[in-house]
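There are 2 protein chains.
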Amino acid sequence: MQITFLGTSSGVPTRARNVSSIALNLPQRAEVWLFDCGEATQHQLLRCDVKISQIRRIFVTHLHGDHIFGLMGLLATYGMAGSPDRIDIYGPKGLDEYLRACQKYSYTHFNYPIKVHTIEPGVVHQEADFTVTCIPLKHKVPAYGYRVSETDKSGRFNLEKAKELGIPSGPIYGKLKNGEVVTLADGRVINGRDLCGETEIGRKFVYCTDTVFCENSIELAADADVLIHESTFAHEDAEMAFDRLHSTSTMAAQVALGAGAKELILTHFSPRYAPGNPIVLDDLLQAARAIFPQTKMAYDLMTHEIARRIN
Amino acid sequence: MQITFLGTSSGVPTRARNVSSIALNLPQRAEVWLFDCGEATQHQLLRCDVKISQIRRIFVTHLHGDHIFGLMGLLATYGMAGSPDRIDIYGPKGLDEYLRACQKYSYTHFNYPIKVHTIEPGVVHQEADFTVTCIPLKHKVPAYGYRVSETDKSGRFNLEKAKELGIPSGPIYGKLKNGEVVTLADGRVINGRDLCGETEIGRKFVYCTDTVFCENSIELAADADVLIHESTFAHEDAEMAFDRLHSTSTMAAQVALGAGAKELILTHFSPRYAPGNPIVLDDLLQAARAIFPQTKMAYDLMTHEIARRIN
Ligand SMILES: [Zn+2]
Ligand SMILES: [Zn+2]
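Protein chains in written order, with UniProt numbering: chain Y, 1 to 311; chain R, 1 to 311.
Hint data in this document are derived by calculation from the structure and do not stem from the laboratory. Careful, some of the hints might be misleading.
As the list claims (entries may be wrong) - Keeping only pairs whose Cα atoms sit at most 30 Å apart, straight-line, the calculated DSSO-like set for lysine-lysine is:
| id | chain 1 | residue 1 | chain 2 | residue 2 |
| --- | --- | --- | --- | --- |
| 1 | R | K296 | R | K51 |
| 2 | R | K93 | Y | K93 |
| 3 | Y | K115 | R | K140 |
| 4 | R | K115 | Y | K140 |
| 5 | Y | K51 | Y | K153 |
| 6 | R | K296 | Y | K104 |
| 7 | R | K104 | Y | K115 |
| 8 | R | K93 | Y | K115 |
| 9 | R | K177 | Y | K93 |
| 10 | R | K93 | Y | K104 |
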């Protein structure tokens, strides 16, 4: 699982940072899931290894322009890139109507199926390998954080050892593979776990934006391998953060700490901290690290590999 | 008057060319008028000398996404850049509704006045120095070409000469300045034109996109100093041009020739002619020049000064 930051600025683009979007690459299936799609997200895709044709799902946190104004252009271009498949889009109430209005007035007819799912707190998408859940955050408009949890995988079943033990083949093997305890016809009791390798714990990716500090973020980010949290403001500007319902870098760090996350990556920075200003982004980073040392700061086109942990 | 090409690709952005937008700089008033506003137009403004805060009017040719998907982001950013003034937007029916829907669903509230004018063929904007007219073009959806005509200015009145001739000061001077013929109290007949310098012919900027070859383009571009005309396809792909109601570079050249334009600048190129393909953009240029030698090919962030002609 690899993350590519396509935009790390809040509100407006700068020369160095575009507005919000993150690509999550699922290499198992050569599939990309996008989180938010600010204006010029498709332009950012031209500058990195993520292919627009790989996008399969788009998760939208909220309907502010810097998170959605790139959707229509990206969806139109996707339709022209090779043989378009299908795109599922998830987001708050109003997203479907927004896209329908844009299509109507711009005379846009997509040549592939698009399904817009209006999300509610809880599971928004589930398949064998992944579950995506969302939780409401605390922003000026309805906003949701997303969590992608990879399904835990039981370790490899040791077929050779099972044969050595003289376990007769048949449905028993399936039970043992699942880690169940089985009593054989000859009376021996076999614990399937002894025949399986270590369980592979699934990876957990959590994305919280836009929001001021809130308990829901901590709940969503529990035990996350990587928490990506907005960090619009510096701690010194906390008053602005509370007023506009955005986070300081220290709020993001407190969420990571409270959630027991393995790693925190800050993003969604106000352009006011550009180099040369009294407070700069490195100050935001240092303040966060004082609370949660495993903190990184995202930059545009930065990639981050979420490593698998073996328990 | 200076033109800056902010996007010269048709349909989709490429690494080298963004989708449509042109800035017309009116130095007399440090004011910029934009023509079309494809996605990431505001991003292009970060890379050139045109300041977003200078934009005063936006003229939209038609509502296809590659011409309007940058509007909302640009208008939102404009509101955050310094002290926003007011923006007038001109375009076909549906533009107002499009912008209203986008504002509604994205919870966008502009902190400055925006007035959307639904255009009809004829004069769409007039002031002392400039007149903007539009004419319907021939495209899959309602599309209009625009012409900006600078008002002719009568030459400087030679006050010294008038005094030498002993013409008494008073309202007579105003008449002479206007080039009128005046009979003085002493019987002398004075032609105002003899006291005025050469008339400064106003400059004419014409922008035709998207369209297949049509007579209206020729009418709009009559005697233009610069005609900017779409050139999506090569002459070899004329069938596609007729089918999709776009122009070949040779159609653009025929319009320039028929209109007696001084100069033609091609833009809105299909990405299919990128370097390495069987037909490349230089082929489009050469084919146009065979018909209309004063042809240039636009590239992103290219600037072009429209010089004043003195008759
Ligand atoms: Zn927001
Ligand atoms: Zn078009």
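Now the hints, each set against the structure:
| no. | hint | in the structure |
| --- | --- | --- |
| 1 | K296/R / K51/R | holds (25 Å) |
| 2 | K93/R / K93/Y | holds (27 Å) |
| 3 | K115/Y / K140/R | holds (27 Å) |
| 4 | K115/R / K140/Y | holds (27 Å) |
| 5 | K51/Y / K153/Y | holds (28 Å) |
| 6 | K296/R / K104/Y | violated (36 Å) |
| 7 | K104/R / K115/Y | holds (21 Å) |
| 8 | K93/R / K115/Y | holds (28 Å) |
| 9 | K177/R / K93/Y | violated (65 Å) |
| 10 | K93/R / K104/Y | holds (12 Å) |
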